[in-house]
Amino acid sequence: QSVLTQPPSVSGAPGQRVTISCTGSSSNIGAGYGVHWYQQLPGTGPKLLINGNTNRPSGVSARFSGSKSGTSASLAITGLQAEDEADYYCQSYESSRSGPHVVFGGGTKVTVL
Amino acid sequence: EVQLVESGGGLVQPGGSLRLSCAASGITLTTYWMHWVRQETGKGLVWVSRIKSDETMTMYADSVKGRFTISRDNVENTLFLQMNSLRVEDTAIYYCAITLSASWYGPLDSWGQGTVVTVSS
Numbered sequence: 001q002s003v004l005t006q007p008p009s010v011s012g013a014p015g016q017r018v019t020i021s022c023t024g025s026s027s028n029i030g031a032g033y034g035v036h037w038y039q040q041l042p043g044t045g046p047k048l049l050i051n052g053n054t055n056r057p058s059g060v061s062a063r064f065s066g067s068k069s070g071t072s073a074s075l076a077i078t079g080l081q082a083e084d085e086a087d088y089y090c091q092s093y094e095s096s097r098s099g100p101h102v103v104f105g106g107g108t109k110v111t112v113l
Numbered sequence: 114e115v116q117l118v119e120s121g122g123g124l125v126q127p128g129g130s131l132r133l134s135c136a137a138s139g140i141t142l143t144t145y146w147m148h149w150v151r152q153e154t155g156k157g158l159v160w161v162s163r164i165k166s167d168e169t170m171t172m173y174a175d176s177v178k179g180r181f182t183i184s185r186d187n188v189e190n191t192l193f194l195q196m197n198s199l200r201v202e203d204t205a206i207y208y209c210a211i212t213l214s215a216s217w218y219g220p221l222d223s224w225g226q227g228t229v230v231t232v233s234s
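Top line first, the protein sequences correspond to chains A and B.
Numbering-wise (this note's numbering), the first sequence opens with residue 1 and increments by one.
Numbering-wise (this note's numbering), the second sequence opens with residue 114 and increments by one.
If you are wondering where the hints come from, they were derived from the structure by calculation, not from laboratory data.
Bear in mind that the values here come from a model prediction, so they are computed numbers and not experimental data.
Any given hint could be a false lead.
What the hints assert, rightly or not - Calculated Cβ distances over 10 Å to all of chain A for the following chain B residues:
1. G129
2. G139
3. T144
4. V150
5. V159
6. D167
7. N187
8. V188
9. S233
Stated by the list, open to error - One side of the interface only, derived from the structure: several residues of chain B facing chain A at Cβ under 8 Å:
10. A136
11. I140
12. H148
13. R163
14. M172
15. F193
16. W217
17. Y218
18. P220
19. W224
20. G227
No residue lacks a Cβ here, since even glycine has one placed at the ideal position from N, Cα and C.
The task is simple: from the sequences and hints, build the whole structure.
Put into structure tokens, the structure is as follows:
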């Protein structure tokens, strides 16, 4: 069971907008740690999509955007395209006795109808 | 451009050991946190371990603590994961990743393509 909770799947028609939620707690997202998002295409390693809640790395399409509020975060994909079909993961940090650990969501599969 | 290439995966019996390597190019590792993350077939990403740029701090997931050891060679630009007392449930693709800032809480900016570890008798 993942520390951060994501819906297992979302779907949308080409051109539509979809959102993926990421719910944490006061020990991770709610503690002020940033939320980062990754896209994983089949058979490949993950790729950073959003960092620090809302920032897009160079080269990432403006169709992807992130937000954070309280103990949750969201990833929005606008103008959905066939190439967006992939798994998406949120990630943050959580305090532990040995220092802040990396925590992931369980992943959300995006299907383009 | 940063490139990370993992190696060292393979088939090992339960109780056995493996040493994974991650060679970096296009960057000098001396400033950055590095991580190991694993993924079972068809499942999600699970963080395994991370190590500070100067090796003064290492952290582990509870599931591998005491069995796995992360280390790095900043001269050779390489990250390692020594895996001992391997269990069937350690079977996964193992990815190395790097945080391209000195931040303790930064994203995993760049990832390798992974190396497959299979623990089976």
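Status of the hints after comparison with the structure:
1. Every CB of chain A lies more than 10 Å from the CB of G129 of chain B, the least distance being 25 Å, so the non-interface label holds.
2. No Cβ of chain A comes within 10 Å of the Cβ of G139 of chain B; the nearest lies about 15 Å off, and the non-interface call holds.
3. Separation of T144 of chain B from chain A is adequate, the least Cβ-Cβ distance of about 17 Å exceeding the 10 Å criterion.
4. In this structure V150 of chain B is not separated from chain A by more than 10 Å, as the shortest Cβ-Cβ distance comes to only about 8 Å.
5. With a closest Cβ-Cβ approach of about 7 Å to chain A, V159 of chain B is found to fall inside the 10 Å limit, against its non-interface label.
6. For D167 of chain B, the condition that its CB be more than 10 Å from all CB atoms of chain A holds, with the nearest at approximately 14 Å.
7. Look at N187 of chain B: its CB is around 20 Å from the nearest CB on chain A, clear of 10 Å, so calling it non-interface holds up.
8. At roughly 25 Å from the closest C-beta of chain A, the C-beta of V188 of chain B stays outside 10 Å, upholding its exclusion from the interface.
9. Here S233 of chain B stays apart from chain A, with its beta-carbon at least about 22 Å from theirs, past the 10 Å limit.
10. At its closest, the beta carbon of A136 of chain B sits 15 Å from a beta carbon of chain A; the interface hint therefore is violated under the 8 Å criterion.
11. For I140 of chain B, the interface hint is violated, the least distance from its beta-carbon to any beta-carbon of chain A being 15 Å, above 8 Å.
12. Taking 8 Å as the C-beta contact cut-off toward chain A, the hint placing H148 of chain B at the interface holds, the least distance being around 7 Å.
13. Of the supplied interface hints, the one on R163 of chain B holds, with its beta-carbon coming within about 6 Å of a beta-carbon of chain A, less than 8 Å.
14. Below 8 Å, beta-carbon pairs count as interface contacts, and M172 of chain B has one with chain A at about 5 Å; its hint therefore holds.
15. At a threshold of 8 Å, the smallest CB-CB gap from F193 of chain B to chain A is about 18 Å, leaving the interface hint violated.
16. With 8 Å as the threshold, the beta carbon of W217 of chain B comes within range of chain A, its nearest partner Cβ sitting at about 6 Å, so the hint holds.
17. Using the Cβ-Cβ criterion of 8 Å, the hint placing Y218 of chain B at the interface with chain A is satisfied: the shortest such distance is roughly 5 Å.
18. For P220 of chain B, the interface hint holds, since its Cβ comes within 8 Å of a Cβ in chain A; the closest pair sits about 4 Å apart.
19. Nearest Cβ of chain A to the Cβ of W224 of chain B: about 4 Å, under the 8 Å cut. The hint holds.
20. Given the 8 Å rule on beta carbons, the hint for G227 of chain B holds: about 6 Å separates it from the nearest Cβ of chain A.
The structure is inconsistent with the numbered hints 4, 5, 10, 11, 15, although it conforms to all the rest.
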